[in-house]
Amino acid sequence: MDQFLIKGASRIAGEVTISGAKNAALPLLAAMILAKTPTTLHNVPSLQDVRTLIQLISGLGVVIKKEGNTVTCNTKTIDNFYAPYDLVKTMRASILVLGPLLARFGEAEVSLPGGCAIGSRPVDQHLKAFEAMGAEITVENGYVKAKAPKGGRLIGCQHTFDMVTVGGTENVIMAAALARGVTQLENCAREPEVVDLANMLVAMGAKISGIGTASLVIEGVEELHGCEYSVVSDRIETGSYLAGALMTRGDVLTKNTDPVLLQPVLKKFEDMGATITTGGNGKDSWIRAQMTGRPKPIDIRTQPHPGFPTDMQAQLMAVCCLADGTSTIIENIFENRYMHVPELNRLGANIMVDGHTAIIEGVEKFTAAPVMATDLRASISLVMAAAAAEGESLIDRIYHIDRGYDDVETKLRGLGVNIERINPNKR
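Per our numbering, residue 16 is the first one in the sequence shown, and the count goes up by one each step.
Quick caveat, the hints were computed from the structure, so don't treat them as lab data.
Virtual Cβ for every residue (Gly too), placed ideally from N, Cα, C.
Some hints here could point you the wrong way.
Stated by the list, open to error - Within a straight-line C-alpha distance of at most 25 Å, the following computed SDA-like cross-link-like pairs (lysine to any residue) qualify:
hint, residue 1, residue 2
1, 282, 70
2, 165, 139
3, 104, 142
4, 104, 121
5, 426, 242
6, 22, 343
7, 143, 197
8, 282, 343
9, 22, 378
10, 311, 286
11, 162, 92
12, 222, 205
13, 91, 242
14, 160, 170
15, 91, 74
16, 298, 82
17, 222, 142
18, 91, 243
19, 143, 153
20, 298, 271
21, 143, 318
22, 282, 295
23, 51, 70
24, 441, 384
25, 104, 16
26, 80, 107
27, 22, 422
28, 165, 202
29, 51, 122
30, 165, 155
31, 222, 66
32, 22, 428
33, 51, 16
34, 165, 178
35, 160, 121
36, 51, 75
Stated by the list, open to error - What follows is a list of derived Cβ distance ranges for each label pair:
hint, residue 1, residue 2, range
37, 407, 292, 31 to 41 Å
38, 32, 237, 32 to 42 Å
39, 165, 32, 28 to 38 Å
Take these sequences, add in the hints, and give me the full structure.
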């Protein structure tokens, strides 16, 4: 199993080009199933989760290929509607094929998903909405089996999600695009990745209003066609590299990224003493973070968009570890997303957890230690902390980081981090 060997005391500085967002690319790939004609998707990151989903879609009989950062897909040859456990178990986003298969072909059998062990992300919110649209849902032997009502098409409905759910909102939007009649959804997720999906569906011929709000109205159409579309830039990757500047009194310029998508995080960076500048338009947009002293302590409360994103919690916690004072973080999204705390403490941090609240007493520096990545976002926080630490750190279970950060070693080396991927079994 691969590990990262990091020689610390680095100053993280330089330029880095941001890839397409993992959390946007996955639902966009699933949405390709809805199109009767070929679809082309650009700015697709090279990630393990992307490769897994492409393999899953290919297993349906679909012709789908990735060359560079472009994916092409033709569903004409699809011959089954089954997503096996062996693929779905590795990531929760696999459940996103359920809505498109059910909507277009009237049936689907998808394994219950796996992924990071960071708490409950209930699939029941997806299934309740599909049942409201007339689907017959059963869960047997770890598989969700779904059938559309008689006639083979879902039926538009009014539905309110019990909780804000990104994946649930995405799955139901895709299903509703081909439903008979109008679907009105309330308490929808508003994350930029949800907006990106809705915009691609519109480019495919869907009729959606209220995009970017908690209330979505989808007027079902008979069929969707392919389109050419580009994945939105990854706001979490952006924030992760910028956080490295705050931890090491560095200077990082992120390119091909959108500051509008990261406003809650950029505001916290400024509160911690960083100088944040932005510029450009579209693909030429950039964000720069400059830091000269120790970070100032802050308080963070994770919330659904447009609040502070839970996917940046671990990275900001690592910054808070080096702050000149006491910071407080309250995690409101996932009940088990503090698994990185013991690992940061191994690097010399002083963090105490009480339920959903973490109290971080700032220390002057990290010290090197062997640590273990526990989930995707925790892994990048440990990498950045190890880069700041004095000495040599070994990070285990880095397969987590490969799920969400494109070409991470090359990008980190370009920012001055001394990082090497090793496999102890091959030494």
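Status of each hint after checking the structure:
1. 282 with 70: violated (39 Å)
2. 165 with 139: This hinted pair holds, its Cα atoms lying about 23 Å apart.
3. 104 with 142: Given pair residue 104, residue 142 holds - Cα atoms ~18 Å apart, limit 25 Å.
4. 104 with 121: The hint holds at about 24 Å.
5. 426 with 242: violated (31 Å)
6. 22 with 343: Violated, because 29 Å separates the two Cα atoms, which is more than 25 Å.
7. 143 with 197: With Cα atoms ~17 Å apart, residue 143 and residue 197 stay inside 25 Å; holds.
8. 282 with 343: holds (16 Å)
9. 22 with 378: Status holds; Cα separation ~20 Å.
10. 311 with 286: holds (7 Å)
11. 162 with 92: holds (21 Å)
12. 222 with 205: Holds, because 18 Å separates the two Cα atoms, which is no more than 25 Å.
13. 91 with 242: With Cα atoms ~15 Å apart, residue 91 and residue 242 stay inside 25 Å; holds.
14. 160 with 170: holds (18 Å)
15. 91 with 74: holds (13 Å)
16. 298 with 82: Given pair residue 298, residue 82 holds - Cα atoms ~20 Å apart, limit 25 Å.
17. 222 with 142: The hint holds at about 23 Å.
18. 91 with 243: holds (17 Å)
19. 143 with 153: holds (11 Å)
20. 298 with 271: holds (5 Å)
21. 143 with 318: Roughly 23 Å separates the two Cα atoms, so the pair holds.
22. 282 with 295: Holds, at roughly 19 Å.
23. 51 with 70: holds (20 Å)
24. 441 with 384: The given pair, whose Cα atoms are some 22 Å apart, holds under the 25 Å limit.
25. 104 with 16: Roughly 19 Å between the alpha carbons, so the hint for residue 104 and residue 16 holds.
26. 80 with 107: holds (22 Å)
27. 22 with 422: holds (19 Å)
28. 165 with 202: violated (29 Å)
29. 51 with 122: holds (17 Å)
30. 165 with 155: holds (22 Å)
31. 222 with 66: At roughly 30 Å apart (the allowed maximum being 25 Å), residue 66 and residue 222 break the hint.
32. 22 with 428: holds (11 Å)
33. 51 with 16: violated (41 Å)
34. 165 with 178: violated (30 Å)
35. 160 with 121: holds (11 Å)
36. 51 with 75: It holds: about 15 Å lies between the C-alpha atoms, which stays within 25 Å.
37. 407 with 292: 31 to 41 Å: holds (34 Å)
38. 32 with 237: 32 to 42 Å: For residue 237 against residue 32, whose Cβ atoms are near 41 Å apart, the range 32 to 42 Å holds.
39. 165 with 32: 28 to 38 Å: At 51 Å between Cβs, range violated.
When the structure is compared with the earlier hints, violations turn up for hints 1, 5, 6, 28, 31, 33, 34 and 39 and for no others.
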